[in-house]
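Asks: So you can see what is in the structure, the chains are spelled out below.
Number of protein chains: 2
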Amino acid sequence: MSTPDTINLGIFGGGTVGGGIVEILTQKSSYFRQLTGKTIRVRKVCVRDASKPRDFTLPEGCSIVTSYDDILDDDDIDIAVEVMGGTTDAKDVVFTALSKGKSVVTANKALIAKDLPEIEKLLTTLDTDDTQFRYEAAVCGGIPIIRSMQSDFVGDDIKLMSGIINGCTNFMLTAMDRDKKSYDEALDQASKLGYAEADPTLDVGGFDARSKLKILMRLAYGMDVEEDEISCRGITELTKMDFEYAKMLGGTIKLLGVAEKNDDGHVSAFVSPCYVTNDDPLSSVNGATNAIEVVSKNLVSSIYIGQGAGRYPTANSCINDIVALAKGDKTKLPFNPKSDTKFANNYSSVFFLRLNYRDQVGITRQVGEICEKHDVSIHSILQNPVQKSQDSAFAIVTEKVEYAAILQVLADIEALSWCKGKPFYMPVLREDWQT
Amino acid sequence: MSTPDTINLGIFGGGTVGGGIVEILTQKSSYFRQLTGKTIRVRKVCVRDASKPRDFTLPEGCSIVTSYDDILDDDDIDIAVEVMGGTTDAKDVVFTALSKGKSVVTANKALIAKDLPEIEKLLTTLDTDDTQFRYEAAVCGGIPIIRSMQSDFVGDDIKLMSGIINGCTNFMLTAMDRDKKSYDEALDQASKLGYAEADPTLDVGGFDARSKLKILMRLAYGMDVEEDEISCRGITELTKMDFEYAKMLGGTIKLLGVAEKNDDGHVSAFVSPCYVTNDDPLSSVNGATNAIEVVSKNLVSSIYIGQGAGRYPTANSCINDIVALAKGDKTKLPFNPKSDTKFANNYSSVFFLRLNYRDQVGITRQVGEICEKHDVSIHSILQNPVQKSQDSAFAIVTEKVEYAAILQVLADIEALSWCKGKPFYMPVLREDWQT
Ligand SMILES: NC(=O)c1ccc[n+]([C@@H]2O[C@H](COP(=O)([O-])OP(=O)(O)OC[C@H]3O[C@@H](n4cnc5c(N)ncnc54)[C@H](OP(=O)(O)O)[C@@H]3O)[C@@H](O)[C@H]2O)c1
Ligand SMILES: NC(=O)c1ccc[n+]([C@@H]2O[C@H](COP(=O)([O-])OP(=O)(O)OC[C@H]3O[C@@H](n4cnc5c(N)ncnc54)[C@H](OP(=O)(O)O)[C@@H]3O)[C@@H](O)[C@H]2O)c1
Chain P
1 MSTPDTINLG IFGGGTVGGG IVEILTQKSS YFRQLTGKTI RVRKVCVRDA
51 SKPRDFTLPE GCSIVTSYDD ILDDDDIDIA VEVMGGTTDA KDVVFTALSK
101 GKSVVTANKA LIAKDLPEIE KLLTTLDTDD TQFRYEAAVC GGIPIIRSMQ
151 SDFVGDDIKL MSGIINGCTN FMLTAMDRDK KSYDEALDQA SKLGYAEADP
201 TLDVGGFDAR SKLKILMRLA YGMDVEEDEI SCRGITELTK MDFEYAKMLG
251 GTIKLLGVAE KNDDGHVSAF VSPCYVTNDD PLSSVNGATN AIEVVSKNLV
301 SSIYIGQGAG RYPTANSCIN DIVALAKGDK TKLPFNPKSD TKFANNYSSV
351 FFLRLNYRDQ VGITRQVGEI CEKHDVSIHS ILQNPVQKSQ DSAFAIVTEK
401 VEYAAILQVL ADIEALSWCK GKPFYMPVLR EDWQT
Chain D
1 MSTPDTINLG IFGGGTVGGG IVEILTQKSS YFRQLTGKTI RVRKVCVRDA
51 SKPRDFTLPE GCSIVTSYDD ILDDDDIDIA VEVMGGTTDA KDVVFTALSK
101 GKSVVTANKA LIAKDLPEIE KLLTTLDTDD TQFRYEAAVC GGIPIIRSMQ
151 SDFVGDDIKL MSGIINGCTN FMLTAMDRDK KSYDEALDQA SKLGYAEADP
201 TLDVGGFDAR SKLKILMRLA YGMDVEEDEI SCRGITELTK MDFEYAKMLG
251 GTIKLLGVAE KNDDGHVSAF VSPCYVTNDD PLSSVNGATN AIEVVSKNLV
301 SSIYIGQGAG RYPTANSCIN DIVALAKGDK TKLPFNPKSD TKFANNYSSV
351 FFLRLNYRDQ VGITRQVGEI CEKHDVSIHS ILQNPVQKSQ DSAFAIVTEK
401 VEYAAILQVL ADIEALSWCK GKPFYMPVLR EDWQT
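Going down the list, the sequences are from chains P and D. Okay, so the first sequence: first residue is 1 according to full-length UniProt numbering, each after it adds one. Okay, so the second sequence: first residue is 1 according to full-length UniProt numbering, each after it adds one.
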């Protein structure tokens, strides 16, 4: 029974994350009692298949159930923890739990990316702040970026966020750059280690990163953007040569999600491979690790590096939410009031371009003319020293120019007879960047 | 007048940090009202010299005062913000404010390092949790490490903390390594930029870092260590040659504060220059920036990089505390209950040793014998290629050995006739480190 000294939990999902939550709650129960003044008890764990063996010990007084209503209709349950995944049943479960006055903790990125505005709308109609909604684990697993956005930046103005927010692709880029693996080998290894989504297109195409970026933009700027408005390029076009050029320039390549508030108040955003210099801490974030840099008015630059997924990092974030609720912590929602910040599908940056070509006279002149026509200044032209004649390529680093202009330059170049395949481009993040 | 809809502030100090706090509160007042449901008003700012011109605009209804009691005796003031510094008057002010039921927010590292246990004892006797005490800004300015320790690691077990927690020395090391400045030039520049304490010995001797490490150990392990029990070495013994060797080995040198829980449950700690490899994100933390890595059971590795000082980063942390209090956030104190964790003045590590010598036959043999005697295995011996005969030196990288054994090896070597000056040593942090 629920008493003032007890918080009763019902957990939807007894898999990777759910099992981790139960384990930590068991191990730390007396400490949590000391910290919150309450006993946190797991009463029910809802799964698909009750007969499946579990890799965690069920706490005393806790039962395995298979019907959502066993938790939803149980008035003794104060907090519903949704760690089963999906966006259909999970959505029903979350909405019903909240409507019935239960607080909800979830790790479900897909659900948050799709339905956060609707969930927040529901919360504002509830007319009580006893029913709370938390989703720390939904973005970047173990990195406490949600809480940080909600508490460390309240007095600050966020100018830019830029992050390595997909573990699978960062693992692959590390393997390709540092360990000289091919794309296929890298993807294969990432899948074997459980870093890839069931459909790896979500990772390598940049779409998973885009879902997280959208959530971060909601938190930082109070804006709801449609995901497909955000320009999204994954890592599939990268070649060995791009890594070689990056190395020549003193840096490496990372798949970043970037959102930036321009001086005119518009926010632009994209997911793209980016050139990162070696003296940027993001350049040393390797393997499946995630990282987010926030550039802001007061704090200047803050970087958080940590595990983006995995049983204990993700469960740890759920636990932080659960303990905060047990302590009586309340967040007024929507955290960042809906703002009239406009989304602009354009941004300025230094760009790296790589062009594959069939040898011919006048290439440099033609590229020069096209750049001039679109007002794109060239900072430097690089020729890869290690080069086979069948894949001749050169790279251009531009000055800071508009993304739209780069697209025009590339379209014009692609139409030329010597141009082989699609030219590749990526932003170079730092303005203070020097060859 | 204090009403349920208003939080009244009295600020002790109207200097760098105090002015920043007033500015942010003014700019964000309507947002904070929305977020907390309360109007946060600065009613009094206490300074030494009321006639001194201020670089911030006094909010309406706020007066400059010069007597502590103007704030302490004012029952309308809910929160006292102590940003005047020092440990005598500041201590009185904090204790009196708390005793009178005012919550306190402070940025005073010196006070926290000295008196946190006493303050927490006072708080437990108050028998109310309406009176809260916050000090986010006291450790690493803009990095929210205190709140992170108090909320992100509640379900976790911290194994190791290692941090660049003194901005002045990190600025100097960057200048010496990357910009090839001499020690004196680097210190001079750090002082001019306001990064050095009034007495720079506190920075370059490692003592400031040690004060912060002590506070972090209190938070991570619930233990109160006397500062001078923690082995403390600054950056004064470093030579150009050490940077050259570090570069040869593929890394750099950082002054780190490190605390580690050993397998037997003892915690060891030290402040020392450390060799850090280039693929460690801490190696790219340059200038006056701070960084803290926390290695823990659930989150594996979490790194926070940010500004350790400065008007707005520090004021931002005070603002986070003030807004949290306005929202009714409560922390049970002492956060981490006093534990019986024992302090051990010993630790194991790979070490880098640098020995300056007068040329003579048999040096390698003698060093080998001494290392063998004290059970120190040698991983590699390095000879600096760029070498003038008057400062011949070589470096040794050991296997993982006990700190105590290294001290014995160094004592024995120092006694030999060919040894010039004090041998230098530093820990090599990563176990997976390879030449
Ligand atoms: N794993 C990570 O590293 C990670 C990181 C961040 C976020 N997340 C998010 O956390 C959530 C859970 O991930 P997971 O890795 O723990 O998944 P998982 O290991 O596959 O576990 C899912 C659990 O939910 C149960 N379940 C699934 N569908 C159900 C249904 N329709 N009715 C009842 N029970 C159902 C399953 O029951 P059975 O055991 O009976 O099949 C299983 O116990 C997902 O939203 C995921 O995106 C995971
Ligand atoms: N600055 C940073 O980057 C930073 C970073 C982290 C922590 N902190 C901490 O924040 C605190 C304040 O630092 P700060 O840089 O703001 O110092 P500051 O610029 O020197 O300002 C100190 C203020 O306190 C007032 N004050 C000092 N002693 C006083 C006394 N006995 N009675 C009344 N007023 C007194 C001064 O009054 P007058 O103006 O009339 O002289 C001044 O307004 C210190 O504890 C410091 O360690 C600072």
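It should be emphasised that the hints constitute simulated quantities derived from the structure, not laboratory data. Bear in mind the structure is a predicted one, so any value in this text is a computation, not a measurement. Mixed in with the good hints, there may be bad ones.
No copy labels: a pair is met if it fits in one copy or bridges any two.
Straight-line Cα separation of at most 27 Å, BS3-like style, residue types lysine-lysine; simulated pairs [what the hints assert, rightly or not]:
1) K159 / K91
2) K330 / K91
3) K247 / K327
4) K330 / K52
5) K159 / K114
6) K28 / K342
7) K420 / K400
8) K342 / K247
9) K247 / K180
10) K100 / K114
11) K114 / K247
12) K52 / K114
13) K38 / K327
Asks: All the hints need checking, so say for each whether the structure fits it.
Replies: Tested hints:
1. K159 / K91: neither (32 Å within a copy, 38 Å between copies)
2. K330 / K91: Within one copy only: 22 Å inside a chain, 32 Å across chains, cut-off 27 Å.
3. K247 / K327: neither (49 Å within a copy, 49 Å between copies)
4. K330 / K52: The answer is neither: 37 Å in one copy and 41 Å across copies each exceed 27 Å.
5. K159 / K114: Within. Shortest intra-copy distance 25 Å satisfies the 27 Å Cα cut-off; inter-copy 37 Å does not.
6. K28 / K342: between (45 Å within a copy, 21 Å between copies)
7. K420 / K400: within (26 Å within a copy, 53 Å between copies)
8. K342 / K247: The answer is neither: 37 Å in one copy and 47 Å across copies each exceed 27 Å.
9. K247 / K180: both (13 Å within a copy, 23 Å between copies)
10. K100 / K114: within (22 Å within a copy, 49 Å between copies)
11. K114 / K247: So K114 and K247 fail the 27 Å test inside a copy (38 Å) and across (48 Å) alike.
12. K52 / K114: neither (30 Å within a copy, 55 Å between copies)
13. K38 / K327: both (8 Å within a copy, 21 Å between copies)
In this structure, the hints that do not hold are numbers 1, 3, 4, 8, 11 and 12, in rising order.
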